[in-house]
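Please work from the sequences and hints to get the whole structure.
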Amino acid sequence: MSERHRADVLVCTCPACTKAGAQALLEALREELARRELTEEVGIVETGSRGFCYMGPIVVIQPEGILYTGVQAADIPELVEETLIKGRIVERLTYKEPSTHRAVPYYKDIPFYGKQMRVVLRNCGVINPQSIEEYIAVGGYQALGKVLTSMTPEQVIEEVKRSGLRGRGGAGFPTGRKWELTRKSPGEVKYVIANGDEGDPGAYMDRALLEGDPHSVIEGMMIGAYAIGAHEGFIYVRDEYPLAVKNVQRAIEQAREYGLLGENILGSGFDFDIKVVRGAGAFVCGEETALIASIEGRAGNPRPRPPFPAQSGLWGKPTNINNVKSWANIPVIIQRGADWYRQIGTETSKGTMIFSLVGKVQNTGLVEVPMGITLRELIYEIGGGGKNGKRVKAVQTGGPSGGCIPTFLFDLQVDYETLKQAGSIMGSGGMIVMDEDTCMVDVARYFLDFLKDESCGKCTPCREGIRHMLGILNRIRDGQGAMEDLVELEALAQVVKETSLCGLGQTAPNPVLTTLRYFRDEYEAHILRKKCPAGVCLPLVRAKCTNACPAGVDIPTYVALIARGRYAEALEVHRRRNPFALVCGRVCPAFCEAECRRGELDQPIAIRQVKRFMADHELKAPWTPPRAAKRYPEKVAVIGSGPAGLTAALRLAQKGYPVTVFEALPVAGGMLAVGIPEYRLPRDILQVEIDNIKRAGVEIRLNSALGRDFALDDLMTQQGYKAVILAVGAHKSRRLGIPGEDLPGVYPGTTFLRDIALGKAPDLKGKRVVVVGGGDVAIDAVRSSWRLGASEVHLVYRRTRAEMPARKDEVEAAEKEGVQFHFLLNPTRVLGTDRVTGIEMQRQELGEFDTSGRRRPVPVPGSEFVMEAEVLIAAIGQEPDLFWLDGTGIEARRDGTLVVGPSYSTTRTGVFAAGDAVLGPATVVQAIGQGNEVAEAVDHYLRTGKVEEVAVRPGYEVVKQIFDMEQYYKAVRPATRELPVEARRGNFSEVELCFDERTAQEECKRCLRCDLEWLEDTGLEAVPVPDRVLVIETAERKS
Amino acid sequence: MPRLKSLEELQQLRERVQSELKARTSASTVITVGMGTCGISAGAREVMYAILAELERLKIDAHVTTTGCIGMCSKEPLVDIQQGNQPRVTYGNVTPAMVPRLIEEHLVRGNVVTEWVVGRTTG
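Line by line, the protein sequences give chains Z and F.
For what it's worth, the numbering used here labels the leading residue of the first sequence as 1, then goes sequentially.
For what it's worth, the numbering used here labels the leading residue of the second sequence as 1, then goes sequentially.
Think of the hints as simulated: they come from the structure by calculation, not from any bench.
Worth double-checking, as some hints may not be accurate.
Unchecked claim - Negatives, chain Z to chain F, calculated, CB over 12 Å:
hint, residue
1, Glu97
2, Leu148
3, Ala280
4, Trp340
5, Lys420
6, Pro589
7, Arg608
8, Lys630
9, Leu715
10, Thr897
11, Gly920
12, Thr944
13, Gln967
As the list claims (entries may be wrong) - Label pairs and their calculated CB-CB ranges:
hint, chain 1, residue 1, chain 2, residue 2, range
14, F, Pro100, Z, Lys108, 46 to 54 Å
15, F, Val64, Z, Gln72, 40 to 48 Å
16, Z, Gly114, F, Asp61, 32 to 40 Å
17, Z, Ala74, F, Thr114, 30 to 38 Å
18, Z, Thr47, F, Arg16, 22 to 30 Å
19, Z, Gln687, F, Thr114, 33 to 41 Å
20, F, His63, Z, Glu46, 13 to 21 Å
21, F, Thr114, Z, Glu864, 48 to 56 Å
22, Z, Glu982, F, Arg109, 23 to 31 Å
Every residue, glycine too, gets a C-beta built ideally from N, C-alpha and C.
This is the structure in structure tokens:
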């Protein structure tokens, strides 16, 4: 604004505003000012764009800063009259938010912020942290002013005590009491310290606060210093936070310039100043006595307490040390009052807590939530749940001093006491989310490795204890662990916890103790089965794909062999762990592909489809499985001829046992034959692999049902079978549990599929079919119904598409075939008198998250409506049919699955179980994996008489490969070829077509060969040649 | 800057800076770039340079400022655009390549680029 004008009118004359009439407006303005004789008082300035020119012409009146948009020459008289003469705003010309902006959700409506409450972080990300003026503008230093002018130090302490604030560094000591202790300590000189030595891996709350709102920490310290009687303060920040150091230093300088730090602050007579101390990044310096030693210029070692710093701290003077987050709470408590603050949180933990939510969670970031929020809300609602659709397994709170809390405890409230009871701690606020790809043994190992380096070494339990615990964990990771190690680990942990000098050692065992408590099965898998389920511990993991395969198929090897055209050898490698390559090449859900590392770069290798090519290519070469020369006399009976039963039978026959398989149905194959429809798995293809197994000497007796045609006792006594494997599957469909379910026209899903397979398909021509369920059986039912000529096929699922457990490509295929999907619906009644005529449906909405990490469907009352249908198929889950169970001495769980130990033995000696009968409805490849393992357990039992877990680590070969780096990088996963949709109606022809030879080979060359990750270990070396890397074989074989 | 000698002087300063800040937002465009460590490591500095260059090129006299971490670290670099005292509209995962379209659409045409927008503040 020019000095001689009382007001300036700024007119934008950018091209857009000019086009919109700025020149005419200027002329009108000049005339009007002249007419009103205002030219002396009011200036006209032509300006450039301010970024609003879509609403031009733009006029700004200074000094008030009034913005008018879309001003036309005709508006000028009113504008001059109202604004320049009367000082009023012309509403109709003010800036209005464009309508497209209004469609943007407010922060509070975004799930990430919905449950947050930003008290401490109120200014972070909002104000410019390098401007003290912006802090003052939002009310900064008002609390200080209030304290200095109207409160005694005692009143301040009382207010903080009443607020219930507890130390945000993690231990949770009441802040007000600490202040009181320091105030009451005798001595003229006292100090306050802000602890910003943030060292937990993955935690950065302190950094964000010091960077984003340094004045709130400074103001909190000033108030505390006034209450305690200190005149000097220190902010201890890690030097690896350069921006935090810079912003805090600048903030201190600005505060000094305004006289907010220094002598006689705001004329009150109170003197106070702050120094920044940069820490060198030792984790132990977060411990208060070590931090004080560090400020004093000594090595950052802790010392025994008492005396506490409140009595004898920095340079022997009473010292009050609080976390930076605790300090930042103070101005809010003073300004809004302890009563307001007390309303937030739980009985014992008041206020809010800041967490850095990191790890395997969708929305990583910093969140501030009221104390008492559940972990579930924090991780699923705010965090958005697992990354890339993976399942969350645990959350680690409190960093290396904290523990891992499993999902089944996610309803726990977040407060100091509850987390402690669960074996963890609140800590400074680090929260690391872990999913199925996280190995809990590795997590414990990681934190101990961190602490081993960070332990200052002053006390023996911490220095030596951590090292020894780490040694044990390293052994377990390497597959050298024994069960006794777990006992020793726990004992060591207890000693370190109880006898260490400071918090570092006292809490160091927490990650070990909590993982042992909640994830003991993972430790046992490493020790007993020599397996790392998450595929992290490299000595136990050949490659992520092989590790993910329930049957443990050596995928990199057979893929490499296919790449070189050696199909028979490839198939031989496959059959060592899985005799059903033709079947799995068609129906496997391919757990391997979900873990494939190439998938992290572009697309996973099409492992299932290259397997299919390999198996189909060798179709004409019948396989006679190799058998051991030695023959054993003990007869083994297998009940059920599904994938688990047949695999177990084959393995035992190969070992030299006489094996008989008893099958209730007139066909062999179990769910492979009567569950999976023919368009996915042709029967002749299945028969090839069943015949292979017969060639190993396995006898299959059809139409022989346990409990109908023979009894378990007969088998084991009269017939002389020394061992029995129950592989009866899960063929019984769950009932809907609604009225009308038994009307003709209602089919259980598994019965429906079985009838089709046995040639007794119901006549669906021209009928409306409704299938209830979201799994693979439901999809098989809709696709089969469509093939049988139903006029309309509907799938009804109570959750949404995202939660469907069915295979994604199957869902898409059903959609292409014209199946209509209805989500968030659940049947409540089947209508009809002598036949189904319709189904009453009730709408659902998604409620809270359940333990599976999915939102629970909640019925909407009064939303019922009728869906007309002649056929209803219920496919909401299956369980084993256990009508034969009574009196056998075998126990089952509530869900109908059989109780087995780790050795697959049931509650009756000599009787084992595997497959869906144990797992509940699972997948073919899981059943095959169990078939392999139960065979080992039975063999061990028959040879030694002992029932115990047997670890089998299959040997493997290394196949060399030549990589063409250029093609390697560029190659993409080929598309799946399928039968056109028109050709599928009315028949059950196979839909998916096989890769051709070239496609299969090229696809296999995309494999990253994770099995060669440690070339030296495998006896190989890489020789770079121009544009290529040649891996050459230097060792014959490694097992 | 003068030393504040009393609470009254602090209040006066507060009122003065408040009206100055209000004048800035009400009559201009304020672009705020998240420049906490999380933002910088995600490329906020490059984004800010791109914004300054684009404003210079189009001769737009908008005010560019910085702020700390607002918590959505997975969406950094975050860029807020506030105009005429209306809510701040936040864009996430902004790259220098996105800046010309962002300025063209939001500042020159007045449209929110919906596919990049994260949300808007209530205040």
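Minimum C-beta separation from Leu148 of chain Z to chain F exceeding 12 Å: can you confirm that?
7 Å, violated
40 to 48 Å as the expected CB spacing between Gln72 of chain Z and Val64 of chain F, which holds or is violated:
Given a distance of about 31 Å, which is not inside 40 to 48 Å, the answer is violated.
Any Cβ of chain F at or closer than 12 Å to Gly920 of chain Z, or is the non-interface label fine?
36 Å, holds
According to the definition I'm using, a residue is off the interface if its beta carbon is farther than 12 Å from all beta carbons of the partner; does Leu715 of chain Z meet that for chain F?
59 Å, holds
Assertion that Ala280 of chain Z lies farther than 12 Å from chain F (Cβ)
18 Å, holds
Compute the least Cβ-Cβ separation between Pro589 of chain Z and chain F, then decide whether it is above 12 Å.
Pro589 of chain Z clear of chain F: closest Cβ-Cβ about 29 Å, beyond 12 Å.
The output says Arg608 of chain Z does not contact chain F. Does that hold with a beta carbon cutoff of 12 Å?
Holds: least Cβ distance 32 Å, greater than 12 Å.
How does the Cβ-Cβ distance of Gln687 of chain Z and Thr114 of chain F compare with 33 to 41 Å: does it lie in that range?
56 Å, violated
Is Lys420 of chain Z truly not at the interface, in the sense that its beta carbon sits beyond 12 Å from all beta carbons of chain F?
26 Å, holds
Does Thr897 of chain Z clear chain F by more than 12 Å, comparing its Cβ with all Cβ atoms of that chain?
Answer for Thr897 of chain Z: holds, closest chain F Cβ roughly 40 Å.
Given a hinted range of 48 to 56 Å, is it respected by the beta-carbon distance of Thr114 of chain F and Glu864 of chain Z?
37 Å, violated
Is the Cβ of Lys630 of chain Z more than 12 Å away from each Cβ in chain F?
Correct as stated: the minimum Cβ-Cβ distance to chain F is 60 Å, above 12 Å.
The structure does not agree with the numbered hints 1, 2, 14, 15, 19, 21 and 22 stated previously, though it agrees with the rest.
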